[in-house]
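If you're matching them up, the sequences are chains U and G in order. According to my numbering, the first sequence is numbered sequentially starting from 1. According to my numbering, the second sequence is numbered sequentially starting from 1001.
Please keep in mind that the hints were generated in silico from the structure rather than gathered at the bench. There may be inaccurate statements among the hints.
Claimed, not checked - Among chain G residues calculated to face chain U with C-beta under 7 Å, some are: (1) VAL1009; (2) VAL1048; (3) ALA1049; (4) THR1050; (5) VAL1054; (6) GLN1056; (7) ARG1064; (8) GLN1067; (9) PHE1068; (10) ASP1069; (11) THR1072; (12) ALA1231; (13) LEU1233.
Glycine included, C-beta positions come from ideal geometry on N, C-alpha and C.
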Amino acid sequence: MATVYHRDDSGAPTFAFSTSGTNIAHFAALKTILKACLVSGYGSKPAAGWALIAEGDRYLVLRNGTSSGYVCFTWVAATSYFIIHLAATFTGMSGDVMTGAGLKSGTEAAGSANQHRMWNSVLAHSSSNSTWYLIADEKTFYFQGSGGFSLFEYASSDFGAMNPLYVGEDSAGNFLAMGGQNTNSTQPRAYFGPEGVTVLRNPATGLLVDTGSIVVVAPGLRLTANANIGVATLGAAHIVPLLEAPLCPVRWGASVLAGRLRGQALCPLVSMYYPSPAAQSLGHVGPLNSRNLNTPLPLGGAYTYFMGVAFDGSPTRIVTNNPEFW
Amino acid sequence: MATASVALVLALPVVVPPRATLKFRVLREGVVTPGVKTLFLYRGWGSVATLAMVFQTLDGEWTRAEQFDLATLLAQGEWLVAGEDLAAPRRTRATYLAFTESAELTFDITSGEGGVVGEPATLAAQVRVDQQPAGREVVVIERPLDGQWRVAGYGLTVEGEAELELRVAGGLCYAVAVDDWGVLYSPTLAVTVGQTIRPTLFTGWLYRVTEAGTLPATEPEWWPADGDNAARLIGTARAIAVRYYAPIGHGPVPVEVI
Chain U
1 MATVYHRDDS
11 GAPTFAFSTS
21 GTNIAHFAAL
31 KTILKACLVS
41 GYGSKPAAGW
51 ALIAEGDRYL
61 VLRNGTSSGY
71 VCFTWVAATS
81 YFIIHLAATF
91 TGMSGDVMTG
101 AGLKSGTEAA
111 GSANQHRMWN
121 SVLAHSSSNS
131 TWYLIADEKT
141 FYFQGSGGFS
151 LFEYASSDFG
161 AMNPLYVGED
171 SAGNFLAMGG
181 QNTNSTQPRA
191 YFGPEGVTVL
201 RNPATGLLVD
211 TGSIVVVAPG
221 LRLTANANIG
231 VATLGAAHIV
241 PLLEAPLCPV
251 RWGASVLAGR
261 LRGQALCPLV
271 SMYYPSPAAQ
281 SLGHVGPLNS
291 RNLNTPLPLG
301 GAYTYFMGVA
311 FDGSPTRIVT
321 NNPEFW
Chain G
1001 MATASVALVL
1011 ALPVVVPPRA
1021 TLKFRVLREG
1031 VVTPGVKTLF
1041 LYRGWGSVAT
1051 LAMVFQTLDG
1061 EWTRAEQFDL
1071 ATLLAQGEWL
1081 VAGEDLAAPR
1091 RTRATYLAFT
1101 ESAELTFDIT
1111 SGEGGVVGEP
1121 ATLAAQVRVD
1131 QQPAGREVVV
1141 IERPLDGQWR
1151 VAGYGLTVEG
1161 EAELELRVAG
1171 GLCYAVAVDD
1181 WGVLYSPTLA
1191 VTVGQTIRPT
1201 LFTGWLYRVT
1211 EAGTLPATEP
1221 EWWPADGDNA
1231 ARLIGTARAI
1241 AVRYYAPIGH
1251 GPVPVEVI
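Take the sequences, apply the hints, and build the full model.
Spelled out as structure tokens, the structure:
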């Protein structure tokens, strides 16, 4: 089982703070946390089983316990971000970036100026305004940094106060890093989704992405296109056959939660898709249109599932006679 | 406060394309040695700018197992495999390998120096199947005076003919013609024209793809060649039945030393 680490653990690592967003303290804090949780352990918390491969003031290279990949974090001096590289092997350092087979940062082909970058300016801003937690096993870790120039309530838009960072394997053994933004901007955003991702191998073929490019989708995770508007906007470029369709009921309420709307379900993975690409991700063959909307979705089992459609791209619903939803 | 229950999860009828798992045991000059060894795999010398796969030993012998899309492996045919051992004196070796199914493979990083390679020679090979010229691999094996069998050379006949280039060491040579054993049937495997499919229960017939497509999710009922042996549908591909011929050998055969 994955181990949970967080700032208030007994023996948790400590680090220096700085109110300057471009101070090395923020990257040093990240390194300190990652090494303590993943490599050495602390207090009563065992290490997650990762290996420290190389370290300098401005870089940290780690390998997971199953040796399925290497990750290199590189801080660019006097900036508020770091760069994420993945590789299948480690052969050394070139400056502050590792070298190795399949070295990749971001999803674009070799020669692109865009890199996989993560904003990191407040992780070590002050003890009273910041925290972190990390969940990891030998294959994968998820780090969540949190901080602000003042105590910040997560109730409004902000892009500089957190560091969502997933590194390691997915459930199928693919090695990837997610979190941040693939950009050449010196102010990358702290997204968590396909806008900030590096994958070592193409999951369709198993081959290294290496100098090539790859288009990544992550159904259910936000994109700039649907970040704050609450309506379905994702189109054909995001169609990907789902292996399973988690369905949850639709409820209504007024101060208190009332009952379920009978026969109504949401599939969070595709709720932000337009109905046609959503249906195609759920196995419908070809575009879903005003004539074939009555074609049941091929979800298997004894029950019938249709796409529900409504004005203005509201989150895509599924309508069913499955008794679980009646 | 009531806790939320886990919602229903429906499994969708999505079939994942077949994968092949590859793993290498990497040797140096035929023996296990300590240290890191790396195998770099490319589509060919013309595309070494893009690395397709990499395998690395961390304990000096076995690499990790990696999974690949079987159709991608088959469509490429042969992959350029370059092995590297940076331990002094550094060694490297490159060759072509084909991967047709999951396998644990041994790759020997040899210097290529030393050993008897023999005198250059040629052998005119002819292959007939049902009295018709046929393309087959022909392997020439030799029994030198020291009794240690060796492969003198091999090649593929084109329209039933091939001039095989050999290296002989003064022994008796035997030629063996080998048929295509095909690729084992795998559900939903994408196949291309010319590939040969082998049923899981082999009864003497293989199936040569005449129209590209995807094999069915469940193994079809296979058929023997009959009448005009018209191509039949298997999934979305079409194929004809072809008989598998066991290897046939001749020899000793005279070779012409150059």
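Hint check:
no.: 1; hint: VAL1009; result: 5 Å, holds
no.: 2; hint: VAL1048; result: 10 Å, violated
no.: 3; hint: ALA1049; result: 6 Å, holds
no.: 4; hint: THR1050; result: 5 Å, holds
no.: 5; hint: VAL1054; result: 4 Å, holds
no.: 6; hint: GLN1056; result: 5 Å, holds
no.: 7; hint: ARG1064; result: 6 Å, holds
no.: 8; hint: GLN1067; result: 5 Å, holds
no.: 9; hint: PHE1068; result: 3 Å, holds
no.: 10; hint: ASP1069; result: 5 Å, holds
no.: 11; hint: THR1072; result: 4 Å, holds
no.: 12; hint: ALA1231; result: 26 Å, violated
no.: 13; hint: LEU1233; result: 19 Å, violated
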